[in-house]
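Protein chains in written order, with this note's numbering: chain W, 57 to 386; chain L, 57 to 386; chain S, 57 to 386; chain V, 57 to 386.
Since the hints were derived computationally from the structure, they do not count as laboratory data. Do not rely on the hints blindly, as some may be mistaken.
Which copy? The list can't say, so a pair holds if one copy fits it or any two copies do.
Lysine-lysine pairs mimicking DSS-like chemistry, simulated, CA-CA at most 27 Å apart [as the list claims (entries may be wrong)]:
| id | residue 1 | residue 2 |
| --- | --- | --- |
| 1 | LYS359 | LYS107 |
| 2 | LYS359 | LYS153 |
| 3 | LYS366 | LYS199 |
| 4 | LYS359 | LYS105 |
| 5 | LYS199 | LYS359 |
| 6 | LYS285 | LYS199 |
| 7 | LYS203 | LYS359 |
| 8 | LYS146 | LYS199 |
On a predicted model such as this, the values are computed, not experimentally measured, just so you know.
There are 4 protein chains.
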Amino acid sequence: MIYKMLDRYSVRTDLALEEKERFESDHVEVPGVILEEDYDAQSEIRITKVKIETENGAKIMGKPAGTYLTMEAPNMSVPDEDYHREISKKVATYLNKLMEGMELPDRQDLSVLIVGLGNRQVTPDALGPNVVDNLVVTRHIVKEYGKYAMGMEHANQVSAIVPGVMGQTGMESVEIIKGVVDQIKPDLIIAVDALAARNTRRLHRTIQIADTGIHPGAGVGNHRSGLNKETLGVPVIGIGVPTVVDAATIVSDTMENLIHSMEESQILKGVGEALSTYNEAEKYELIKKLISPHLNGMFVTPKDVDEMIKQISFTISEAMNILFNSEVPA
Amino acid sequence: MIYKMLDRYSVRTDLALEEKERFESDHVEVPGVILEEDYDAQSEIRITKVKIETENGAKIMGKPAGTYLTMEAPNMSVPDEDYHREISKKVATYLNKLMEGMELPDRQDLSVLIVGLGNRQVTPDALGPNVVDNLVVTRHIVKEYGKYAMGMEHANQVSAIVPGVMGQTGMESVEIIKGVVDQIKPDLIIAVDALAARNTRRLHRTIQIADTGIHPGAGVGNHRSGLNKETLGVPVIGIGVPTVVDAATIVSDTMENLIHSMEESQILKGVGEALSTYNEAEKYELIKKLISPHLNGMFVTPKDVDEMIKQISFTISEAMNILFNSEVPA
Amino acid sequence: MIYKMLDRYSVRTDLALEEKERFESDHVEVPGVILEEDYDAQSEIRITKVKIETENGAKIMGKPAGTYLTMEAPNMSVPDEDYHREISKKVATYLNKLMEGMELPDRQDLSVLIVGLGNRQVTPDALGPNVVDNLVVTRHIVKEYGKYAMGMEHANQVSAIVPGVMGQTGMESVEIIKGVVDQIKPDLIIAVDALAARNTRRLHRTIQIADTGIHPGAGVGNHRSGLNKETLGVPVIGIGVPTVVDAATIVSDTMENLIHSMEESQILKGVGEALSTYNEAEKYELIKKLISPHLNGMFVTPKDVDEMIKQISFTISEAMNILFNSEVPA
Amino acid sequence: MIYKMLDRYSVRTDLALEEKERFESDHVEVPGVILEEDYDAQSEIRITKVKIETENGAKIMGKPAGTYLTMEAPNMSVPDEDYHREISKKVATYLNKLMEGMELPDRQDLSVLIVGLGNRQVTPDALGPNVVDNLVVTRHIVKEYGKYAMGMEHANQVSAIVPGVMGQTGMESVEIIKGVVDQIKPDLIIAVDALAARNTRRLHRTIQIADTGIHPGAGVGNHRSGLNKETLGVPVIGIGVPTVVDAATIVSDTMENLIHSMEESQILKGVGEALSTYNEAEKYELIKKLISPHLNGMFVTPKDVDEMIKQISFTISEAMNILFNSEVPA
């Protein structure tokens with residue numbers, strides 16, 4: 057089908073869930089990939105766990121093997137303090153679950169480096185920097201005064217950095233972070249980034265937490281190297297929120313809709329068949345014509361992106377403040 | 057044709073030039089609308105003047121009668137200080153020409169209020185606020201010390217305001233500006249706003265200057281009331297730069313491309329004909345299905361929108377600083 | 057005494073409480089001024105009410121007649137969410153009390169304009185703009201959909217504006233606000249501003265709420281016209297937080313300390329007497345020499361002013377969100 | 057004298073020039089320290105070179121041995137584009153001179169890391185981050201496309217980082233920068249920081265360029281470790297602009313003025329003598345009483361600090377853009 061071609065050439069999603077859905081829509085089972093769902097009717101929060109278990113599954117999915125938790129809530133971008141507190145707690149819980157599956161040292165005296173990826177100057181890409189702005193960092197205090205001075209038996213050391221983007225620094229994010237990691241040797245890195253989704257309905261309503269870090273192609277800007285245990289030498293959890301859809305994806309979706317409509321239409325029933333007679337080369341030519349080259353490097357985002365980024369970045373900061381800075385009973 | 061329908065239901069451009077081009081592409085003359093073009097090969101700056109002379113022309117164009125100057129330069133978003141200085145001077149010159157056509161008091165002792173429309177928190181909508189940030193305002197100095205204290209025979213009084221957007225203020229921009237105008241009674245208002253274009257190629261490469269002010273539907277956010285002599289009691293010049301394309305427009309353009317491709321295709325030649333048998337209601341239903349409701353309130357913008365906004369807002373500020381703050385020889 | 061002279065020539069405080077304390081330190085009763093204190097030992101919050109009842113009292117105090125509530129809490133600048141929530145509620149309560157003393161229309165269907173005074177670009181002056189950033193504005197929603205659409209029997213209309221400072225706008229804040237007030241005709245204005253204190257201990261630990269609005273000389277920047285019922289035609293409540301001390305005040309305080317030390321010193325006991333032989337003119341000359349002219353336009357502020365402004369502006373926003381946007385039982 | 061005591065306990069300046077002046081005012085020669093002055097009457101720019109040649113000189117001056125260039129210009133904070141361009145060129149020239157004295161590889165193919173120290177959220181401390189915002193970084197382009205693609209025979213690789221402050225990151229700046237340096241191995245580091253001066257007259261009118269880097273105590277915030285060849289393994293040039301004066305310094309200066317006045321006064325002539333009878337311990341007690349503990353961590357800065365920071369950070373960025381990004385003739 058023509059939209060398969062479009063998919064291959066242009067559709068991009070950073071959500072493992074959406075990648076999985078593509079195969080489901082074709083009724084294709086992906087070997088080595090497990091899906092679990094959980095829905096809380098009261099809070100309307102849906103948790104989906106995509107577990108990529110094999111290298112083959114990773115290849116088909118185009119994402120590294122590992123666990124991807126997706127939390128979806130329709131009201132995530134609505135300003136309701138209590139509701140956001142609830143989501144923050146859930147995020148903290150799921151972060152904690154992921155951490156239990158990783159080989160970490162004593163989890164009450166962890167050194168965690170939180171990385172806010174993205175460009176502070178471009179609103180939909182400012183999620184990471186905004187999350188860092190609201191974090192309570194403690195590493196310098198614990199190092200200076202010790203945990204007892206803080207009245208605590210255990211104390212995590214939280215540090216944070218906003219590396220900026222290549223156009224501002226002349227460096228890849230991974231270069232900066234690798235350097236910092238070599239200096240402060242954290243036990244765990246949590247990298248927060250704005251993601252690209254395939255479906256506009258997911259924007260600002262979805263949080264993905266993955267134990268695979270951040271991989272190339274994720275994010276609004278393109279990171280060319282992944283942030284993961286291989287590149288940084290330390291386990292990396294990636295937290296992402298889809299804030300944009302690639303402009304080419306929007307177009308591709310509409311094409312798909314058009315063709316479905318044609319197939320269903322009595323009058324146009326011949327069109328789908330006609331299209332199916334196209335050979336690969338012809339289809340590729342058609343696609344090249346249709347997707348304007350000017351759409352490269354363009355993204356789609358909602359007008360109220362500022363409010364959404366503000367809400368959801370605060371929710372994620374709070375999740376980490378809860379997880380790492382609440383006193384652990386001795 | 058189906059794309060006509062799409063046009064009617066969804067395509068939006070704030071550029072008079074693009075509105076005019078639509079009719080040209082259909083080989084339709086618009087009565088009461090005059091087009092003049094001027095191209096400077098060396099600087100690659102193209103000036104187009106669309107003059108809507110009659111009420112009928114205004115109705116067809118969907119824009120108020122008046123003069124719309126459009127300056128296009130391919131390198132407008134490239135950081136080259138000297139080139140930007142040249143564009144600033146051109147903008148100053150054309151602003152001045154427009155002002156000569158308006159009934160203004162002595163043009164060396166003008167009181168000008170510059171309005172930076174848009175939302176500072178959403179990068180592609182921050183053009184107006186950014187322009188105001190770089191302006192040299194002088195009204196308070198002239199009022200306090202007089203123009204002689206400034207060593208000048210004549211002195212314009214430049215004031216500036218960033219009214220914010222409705223979601224931040226609870227007020228329409230026009231309410232705030234009307235109030236300020238009633239207080240300080242300027243001779244002229246210049247309102248700067250980010251615009252929506254139809255074509256991604258025009259983003260950040262085009263400046264439109266119009267003696268008709270800002271009209272409803274212009275801008276990235278929707279202003280519900282126009283800013284013009286009728287609403288404010290003072291002549292209003294609108295300066296706009298297209299920074300986004302409506303998501304629905306992108307889709308519509310691609311649909312158009314698809315249909316053209318189908319018409320040209322031997323295999324698919326039947327489709328165009330089939331579509332032409334659709335009646336109005338059927339077409340409208342098809343369109344409604346195709347344009348996802350989730351695209352409402354979504355826009356398309358380039359990833360490097362931050363750099364572009366920075367460059368072009370500085371260029372426009374400089375134009376006004378040159379025009380209003382350079383000493384006029386006695 | 058010499059420090060009296062210094063007081064007269066240079067010391068400035070925007071806090072009625074500090075003005076009152078000056079007279080107390082001299083054991084002087086100010087006629088027409090009443091002081092009430094209330095201290096909550098558990099929350100460590102001290103409420104002081106200075107009521108200036110007569111024109112004579114106003115003249116002596118250098119502040120307009122009216123009620124000035126001062127809330128002091130030592131931990132106001134410490135990031136503790138629950139504690140700040142408690143302070144927000146107290147501020148809401150005291151705002152409400154002040155409003156009960158004013159002649160306002162039905163207090164469940166009020167139109168309130170909140171004004172964020174000050175310069176967003178200068179950290180200690182950014183209190184007002186930061187407060188507005190966190191407000192929930194509702195006027196546009198109530199106007200568009202009506203209060204029933206919001207599921208409420210009553211609905212206040214909250215609007216907000218950040219007028220900027222004269223160096224950015226070329227206009228006095230009062231000109232902009234007067235214009236807006238004439239357009240939207242609110243029942244009440246609440247103006248938030250950063251204040252100058254006399255004592256560094258009060259910085260970021262004190263909130264003053266006054267039914268007299270904002271008067272000339274208040275704030276970090278100098279507003280030349282007051283914001284009050286006389287200038288705006290609408291009652292104005294002023295909310296202020298001291299964020300700076302005038303540089304000249306710091307110097308004056310130290311001089312005072314020096315002279316006290318000298319008086320207490322056996323060795324230096326002659327100095328105080330010597331100083332007291334100075335006549336007025338001689339004293340004034342001495343003062344002029346001592347206070348460096350370069351201190352004009354300089355202020356003193358703590359290094360962590362960013363954290364303090366962030367905390368306290370959020371607390372004040374929340375107070376107004378609680379007061380105006382919580383549903384009132386029918 | 058008492059003000060000597062105050063000096064010892066509280067006065068702080070990051071300017072080598074001011075440190076030198078202190079000794080001059082006491083007619084004390086500092087061995088191992090050379091001073092050269094140059095004044096351009098037309099541009100009113102004064103260049104002072106303080107060269108600390110011996111370890112003994114360094115000890116007395118409280119600054120590492122090396123060369124400190126100070127450029128003073130009365131109009132540095134006035135917005136005049138041409139004048140700032142001139143200063144930018146001078147800064148570029150003097151940077152270049154300092155670099156000639158350092159052992160650097162081929163100076164047309166340098167890799168330079170520019171570090172913007174300080175806190176973006178506190179206006180007078182935002183100099184470093186603002187300088188980085190206006191830099192043209194090129195390292196990523198040269199690395200990706202090579203210098204020939206840029207149409208240049210030689211091409212410097214400029215990279216830049218804003219490390220943030222400890223309260224935001226939980227890390228010392230030196231930890232972050234050391235990490236980055238180990239990764240990208242630049243030939244030279246240029247660190248830009250806001251400084252504390254002793255004299256308010258120097259604020260925003262002075263640029264210090266030193267081949268000794270940034271040493272502890274410099275800057276508005278306190279860096280606890282220096283940035284220099286010893287800590288980073290790479291030569292470091294420090295560029296600093298005084299933007300604040302310590303609050304305690306202001307007080308100390310006024311005390312000095314008071315005592316001078318007393319000495320000159322007929323009536324008070326006994327006071328100076330009386331003070332001179334104080335022994336060390338008594339003097340120290342007096343000082344402790346006089347300098348309020350609440351002045352710790354407080355600084356003095358002008359109200360128009362926003363405009364000054366904007367002007368001067370742009371001037372410094374331009375200096376580096378001129379020095380590193382203008383094509384070098386083959």
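Here is what the structure says about each hint:
In the homo-oligomer, the alpha carbons of LYS359 and LYS107 never lie at most 27 Å apart, since the shortest distance is 34 Å inside one protomer and 31 Å across protomers. In this assembly of identical chains, LYS359 and LYS153 lie within 27 Å of each other by CA distance neither inside one copy nor across copies; the values are 35 Å within and 35 Å between. Taking identical chains as interchangeable, the C-alpha atoms of LYS366 and LYS199 lie at most 27 Å apart only when they sit on different chains, with a minimum of 25 Å there against 31 Å within one chain. With identical chains, the CA atoms of LYS359 and LYS105 are never at most 27 Å apart, being 30 Å at best within one copy and 31 Å at best between copies.
With identical chains, the CA atoms of LYS199 and LYS359 are at most 27 Å apart between copies only, with a shortest distance of 21 Å across copies and 43 Å within one. Within a single copy, LYS285 and LYS199 get their C-alpha atoms as close as 25 Å, and across copies as close as 25 Å, so both meet the 27 Å cut-off. Taking CA atoms no more than 27 Å apart as the test, LYS203 paired with LYS359 passes between copies only; the shortest distance there is 25 Å, against 45 Å inside one copy. In this homomeric assembly, LYS146 and LYS199 never come within 27 Å of each other (Cα to Cα): the closest approach is 30 Å inside a single copy and 37 Å across copies.
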